[in-house]
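Q: So you can see what is in the structure, the chains are spelled out below.
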Amino acid sequence: MTGNPGMRRTRRLARLATAALVVIIFLLPVLYAVMIAFEKPAHFLTSPLTPPFPPAAGNFGQAWSGADLGRQLVNTIIYSVTSAALSTILGLLIAFPLARRLVRRAPALYTAFGIGLFLPLAIIPLFVEARSLGLYNNLIGYILLHVEPGLPLAVVLLTAFVTSIPAELDEAAWMDGAGYLGYLMRVVVPLTRPALLISFLYALLGTWNDIIGPVVLLANPDLFPVTRGIYNFYGANQSQWTLLAAAIVIASLPVVALFAVSQRQLIRAAVAGSVKG
Amino acid sequence: MILGGAEETRRPDRAGARLRPAPRAARPRPARLLSRSSRLSMWAGLLTGLAVYALFGLVPAIGNLLVSVTDYTALPGVPTSFTGLANYKALATTQSPGFMSGLIATVVFVTGVTIVQNALALALAHRLRDDSRTAALLRVLVFLPIVLGVTIVGLIWILIFDPQQGPAASLFGALGVHSAFFGASGWAMPLVIGVQIWQNAGFSTLVFIGGLKAIPPDIYEAASIDGIGAWRRLRQITVPLLAPSVTVNVVLALVGSFTTYNLIYVLTDGLYGTQTLGMLAFNAAFGSAEADLGYGAAVSVVLFVMTLIVALPLMAWLRHRERRLTG
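These protein sequences, in sequence, are chains H and G. Using the working numbering, the first residue of the first sequence is number 1, and each one after it goes up by one. Using the working numbering, the first residue of the second sequence is number 278, and each one after it goes up by one.
Hints in this document: simulated from the structure, not taken from any laboratory. Hints are supplied without guarantee of correctness; some may be wrong.
As the list claims (entries may be wrong) - FRET-style restraints, in silico, Cβ to Cβ:
#1 G:Arg-600 - H:Asn-237: 47 to 57 Å
#2 G:Thr-357 - H:Ala-172: 51 to 61 Å
#3 H:Val-187 - G:Ser-501: 41 to 51 Å
#4 G:Thr-411 - H:Ala-172: 43 to 53 Å
#5 G:Ser-501 - H:Pro-5: 15 to 25 Å
#6 H:Leu-45 - G:Arg-601: 52 to 62 Å
#7 G:Leu-332 - H:Gly-70: 30 to 40 Å
#8 G:Thr-411 - H:Pro-55: 23 to 33 Å
#9 G:Ser-501 - H:Leu-13: 15 to 25 Å
#10 G:Thr-357 - H:Pro-55: 53 to 63 Å
#11 H:Gly-70 - G:Ser-501: 52 to 62 Å
Unchecked claim - Here are the simulated lysine to any residue pairs, SDA-like style, with alpha carbons at most 20 Å apart:
#12 G:Lys-490 - H:Gln-265
#13 G:Lys-490 - G:Arg-512
#14 G:Lys-366 - G:Met-377
#15 H:Lys-40 - G:Gln-442
#16 G:Lys-366 - G:Thr-347
#17 G:Lys-490 - H:Ile-267
#18 G:Lys-490 - H:Gln-263
#19 H:Lys-40 - G:Pro-444
#20 G:Lys-490 - H:Arg-15
#21 G:Lys-366 - G:Val-346
#22 H:Lys-40 - H:Gln-62
Note that the Cβ used here is the ideal one computed from N, Cα and C, for glycine as well.
Isolated chain G, as found in the complex (with noise of 0.2 Å):
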């Protein structure tokens, strides 16, 4: 996600109204001073690239919509046909089961991340954001997560959370309370949550330390000399002005808890109350031998468009809630 970029990249476009009389005049013409060759190769780079995306990225991206109107099993022997709405209509009724339960797993999921992930990483990046090597090496330690990645970052929880041996259990067991955690209903999807945020904070808490050193600290100093005092600081200068790093990192949490299921997978299998829908589309796809890929397909479609009717307008809210903020 680029902050400057999208500036940045329309800078010559500025540029170019200033030189030239027409900013809208055809196309620029620097492509002219090179060679036939050279211009090949730029064509056969840019192609090649254009290709890749929209191979690998594009078609897969749409292809949900096409393989979720049949019931591709991808069992060799076993002809697909054309299904039309069958696998929607299966969603919406209890024919197949997951799906509402699915729905609410993805909803607390959701909420749960979204909320307490942001709320971490603004109190880390508070007490993180100074220039002290103490600072900097704290800020390694909870980026760390992220460079792990989910397979182990999942098994080194698993393993803490063993009930036998890890010390959560003990640690639980002091105060007599004895579950199985990632294998018991009622502890797991708290305990996923939490995974996930331990996984992620490290990034929301970057993006947000790059909000607050974003405010000059002469704003600081002059609201100091003015006899304002820390609440109303805080209220008046670094809430609105961290405002941007707000839409961010919201918009990055909740997108991401929607779609993701990679550490769902490593630490319950979606086992316990943890089926999101993502987890569902990719169990019902992959998770049995009866491979039911259209179905699986129709979940992902339907978890496309949730995701952009809560993620658009809370954008729009968040964009806002910025100028509101700003002025």
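Same shape as in the complex, but just chain H (with noise of 0.2 Å):
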């Protein structure tokens, strides 16, 4: 990895184009909006590709009533929240009995788990079910209806990682009496906390930002998550950007927040190959 200074220089060279185009081409779309969101919409309709003097705020707040964020947001949050809950407890509550193989079968309901990786959703037999089961359009029934769709991935990853403890444990535990949900609390959970984690955290991106759901699952406005509502808001604010990019940015802001701070679960299991996207 040496070479004399000449190809050196190439080489810093090259890293920094590399640098460069890739925050042009992954940054460079998303500032632009942030920066629209502070440009006031006469500036925008004149001149739109300056930047703001000064950056102008008016534009969140008149975002944050007219497309009534902040209800959404809360929508959003109690959906993805508690359907990623659910469906990492219940992965869980399957891998452990699977990976233990406590009954009969394990390896088929495994499979039947992996199959469901590559099932496509579909929506049109789920609105169907969901109507006929009195789960459309109210907030249990959105929230059952994303369940399901994080438990594949639950249910691989955690099989993995149970596996990898000492089965010697469990059966120590439980000769001495240990109750079982007691032991998975106590032992299992604090022991598989990584893949816990990984399947919440790609739970909750897949509610959060499902949008299909949202149109065909719910029609109470108050009921909107903030995919949805941002949705409309595009549709009855065409070409108002100014507006549409500080409810962009409004919406965006928790989602990216939360990425900050697990961006290195979330990075590290994509490389380790082991998540779906």
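Build the complex from these two chains, which are given one at a time in their own frames, with help from the hints.
A: Listed below in structure tokens is the structure:
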């Protein structure tokens, strides 16, 4: 990896070029939207490409009230946190007996969940089912319908993790009379924490960013999550980009903040090749 | 998609085989150690999970078949009847426009996304794999679109390609090119493909980085010492040892682009030549007042079968390629 000074300089230039290219392709579009959010409408109409001086924050207040973003963000948080938590807990309750083969046909059941990673989301039958089970257009139903998509990944990941815990540990605890759920809580949960976290985060992102689900499964605007809310806001305010960009920024802030604290886990999981996008 | 998991879960099998003389002895016994109430809670948890999976995962997956042989509309007061293969016949005839153009749009979309996304991801992975802080930061950037989600990503790109005010319009305008971009046939599809790639390239990149990192560096060192050039190192070390990641990424991008339509929904709603079959199924069912869920379900079934027909042989071929390359 050494080489003469000329080669080293070429290499450094190449590295710089890569960095610049990635920033231009992946960050600049996002920054552009942030910039527009700080522009006054008149400024945007006359010179949309120049940064605003001084930046105006008025768009944010207008977008917040105009798009009902507060309520929608609360809805989104309730939907995604609850469904991701349920899906992670159920994932562990399925994965543990399967990994330990406490039941017959554990490998076959495991395969069934593996297949689930490739099942397409069949939104039409899901809609029919939601209607006939009374899960259409209500909070509980919407959460329940979003538990399943996170399950296959949780089961597959957690099975791998549980397998790495020595089985002697459960046998010893159970012979001492430890209860099943108590054992899971006190021993298995701490030992599988990374897998639990990854399952939870990916399930949360899936529900948080879902747009087809809220379009098909909800009708009452009070129940809309922020994805559908902001999409409708776009439909109603087309070309009012300063307002829309402010709404985009507000709507993405929570999930970007979450990403800022969890990026290491999310990215490491993807690098390990262990998760589906 | 797990890579190591299947391997690891099979391990207790082998361990069990070593401990017990008869590996297929009816069932392992550790459950016996649990008290009756503990066994009850184990079953309650497992069965609840299975029920959720069956009810909201498997039933809908099979449900498409059932809905596709009806004329269900979900409209109040409209009766539903069994129509046999009528929806499938409608697909094959010109009676229902959209299927042929949908098929073409799907082929273009899938081909474009699968090839370009993987090529771009491979290039990015090659540049962003090292342990430097810059590389780590750039990896965060390429992953950002996945976190932002399709709605935000879609709106950001609609803003950038706004025909009046967007920076893309200024850029193309300077070259004398004017277009409605997402609102123009001929432009919409390439742009939709581009945004789809932008949205998902980060994930493929990270999978490739995982693959590159799994190659032991001493192989390269040994090859360098033996005087093997960069090109031969690439062909004889990197390409073969990266084959498993190629399989994962190609299959994921292919199956994903066959079935996904959420980004297309946000960007164009299937207009201007971007109505892939997934988008068509959605729009037939939910896109207009005359909700035709049966037809939409039939399109979904055909799409699913098509995906399998393309993905399964491709997977087999990629696996075969892995074995051939690694010897």
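Q: Hint by hint, note whether the structure agrees.
A: Consistency of the hints with the structure:
| no. | hint | in the structure |
| --- | --- | --- |
| 1 | G:Arg-600 - H:Asn-237: 47 to 57 Å | holds, 56 Å |
| 2 | G:Thr-357 - H:Ala-172: 51 to 61 Å | holds, 58 Å |
| 3 | H:Val-187 - G:Ser-501: 41 to 51 Å | holds, 48 Å |
| 4 | G:Thr-411 - H:Ala-172: 43 to 53 Å | holds, 48 Å |
| 5 | G:Ser-501 - H:Pro-5: 15 to 25 Å | holds, 20 Å |
| 6 | H:Leu-45 - G:Arg-601: 52 to 62 Å | holds, 60 Å |
| 7 | G:Leu-332 - H:Gly-70: 30 to 40 Å | holds, 33 Å |
| 8 | G:Thr-411 - H:Pro-55: 23 to 33 Å | holds, 28 Å |
| 9 | G:Ser-501 - H:Leu-13: 15 to 25 Å | holds, 23 Å |
| 10 | G:Thr-357 - H:Pro-55: 53 to 63 Å | holds, 56 Å |
| 11 | H:Gly-70 - G:Ser-501: 52 to 62 Å | holds, 60 Å |
| 12 | G:Lys-490 - H:Gln-265 | holds, 17 Å |
| 13 | G:Lys-490 - G:Arg-512 | holds, 17 Å |
| 14 | G:Lys-366 - G:Met-377 | holds, 13 Å |
| 15 | H:Lys-40 - G:Gln-442 | holds, 14 Å |
| 16 | G:Lys-366 - G:Thr-347 | holds, 13 Å |
| 17 | G:Lys-490 - H:Ile-267 | holds, 14 Å |
| 18 | G:Lys-490 - H:Gln-263 | holds, 19 Å |
| 19 | H:Lys-40 - G:Pro-444 | holds, 17 Å |
| 20 | G:Lys-490 - H:Arg-15 | holds, 19 Å |
| 21 | G:Lys-366 - G:Val-346 | holds, 11 Å |
| 22 | H:Lys-40 - H:Gln-62 | holds, 12 Å |
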